[in-house]
Amino acid sequence: MGLAGLTICSTAFETLGRAQARALGCPDLPLAIIPHPFGLRTREEVRKIASECVEDIARLAREAGTAAGALLSGSGGARADRARRLEAPGDHDGFNRYCRERRWSDGLPLVPPTPERVAAMLRHTRRAPESVVAAIAPAYGAATAEGIAINAVMAGCEPQYLPVLITAVEALSDPEFNLQGIQATTNPVATWIIVNGPIVRALDVNGGLNCLGQGTWANATIGRAVRLLLQNIGGALPGEMDRATQGQPGKYTFCCAENEEANPWEPLHVERGYARERSTVTVVGAAGTLNMNTHAKDADDLLRVIADTLAHPTSNDYYFGGEPWVILSPEHAQVLKLAGLTKADVKRRLWEASRMAASRLAAKDYARVQHTRGAELGAMTAATLVPGAPTADGIGIIVAGGPGTHSVYVPTFGQTRAVTKPVDRD
Amino acid sequence: MTGDSLILNPTAPGGSAPRHGRKALDGLKGKAVGFIDNAKPNFHHLVDDLAELLVSRHGVASVVKHRKRSASIPAPQAVYADVKEKCDLVITGSGD
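So the protein lines, in turn, are chains A and B.
With this note's numbering applied, the first sequence covers 1 to 426.
With this note's numbering applied, the second sequence covers 1 to 96.
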């Protein structure tokens, strides 16, 4: 009974393949290894590789087939043990050396997660320490309230930030977000955390000047804690299961509030179905940030240059039908508002104007778009206009930042959707 | 000199996934093989070539081919159901 399983893996992905198989409970999953980069090979080279690979498959299938249950189910079980207590060096340097040896850090010094600090943080949730908030891909480790608090302490969070982090973990683990893909990809994608509602003021999360830059404790440490959780509970260690080609600075921390006071429209959480007085966390799979500096004071002109910036032929949003985001500066939002545009109008105008001629894509990417978006776009020609999101409401917009003529384009991983979850009430 | 102090382990307990046992096949002759193509460039060519070789060199009886919409999303449940029903061995792809 049962199905035998086998994975063909290019050399650069062998580490990921073995780690992922272990995490899913199939440590003996046979891997047939082919040379990397495989996608660049000529048709003749592929034939030669197949000729060798088929013998590996025949041998591996006889030797060590693995029942494919876990391979197909995609997720392991999550258990809810309390965290183990460990003796670690009490001095700063010794403690950080101890953490480095275990790869528990993002590369910066950590705060020791003593039982007292963790207990102080857990006083900010009604959840039991051992209650499982979610299993975090790709290792599918169980993120308990206690585990989240431990990593939050290490990142330097204030105890009252815990509810935001619990909500962030819930949002990241929603299947719509596709954390498995985000954690294990070569793409630089980082998890951008957007906080809305009254908790923004209560925790001093910055949505104004330099909100994506340095200097605000909540923004810096909440984003950092999420990264530690993704590594320590999710198991995505750089160079192992995290296969990012270069990564990006946003992988250290990427968190801001929306500037709701300066937003001339409904804020993000209200747009997404929550009451204004509810607090929420939204997660976005952000491939980077690109500054858009323009003195345009005319709404048409402003929308045109933003749309021009969105459309680029190396974009995952265009390949897969994604969800490009725009952070409008309060001044740019005001220009659009004064022209009588609603947020939905802005999305529709940007969506239409940012459609990109398929001829701009590289030949291989053109073929990829045809395959991934064929059902949506129909038969493509070089003149087909490819949108960055399947529909206009797929363009994400928040208003954030301080005075200035700078808005930000946030392209995404494409195979992900932003998820918003409400923060636990006290 | 400072001594040791107590901290809490920030990692999740490992090995929480249910362990799946090994299943070996007694050769490929007469077997049904399923492919789940990860949709990366060239992988469909590899699947075509392997399918041909599995039949001609190793006596595989039938080959079922599925292709994901893209590499970073799971295959639909219907694909899993199909290979479970029809196949003795399923082959997936990882990497590019």
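Any given hint could turn out to be false.
As the list claims (entries may be wrong) - Derived list of chain A stretches under chain B, where covered just means 3 residues or more per stretch with a C-beta under 8 Å from a C-beta of chain B:
no. : region
1   : 47 to 58
2   : 123 to 130
3   : 134 to 146
Hints were generated in silico from the structure; no laboratory data involved.
It should be emphasised that the depicted structure is a prediction, and the values quoted were computed from it without experimental measurement.
Here a beta-carbon is modelled for each residue, glycine too, at the ideal position from N, C-alpha and C.
So, going through the hints one by one against the coordinates:
1. Counting residues of the region 47 to 58 of chain A whose beta carbon lies closer than 8 Å to any beta carbon of chain B gives 8, which meets the minimum of three for the stated coverage.
2. Here the region 123 to 130 of chain A counts 0 residues with a CB under 8 Å from a CB of chain B, which misses the bar of 3, and the coverage is violated.
3. Residues of the region 134 to 146 of chain A lying with their CB closer than 8 Å to a CB of chain B number 7, which satisfies the three-residue condition for coverage.
In summary, the one numbered hint that this structure violates is 2.
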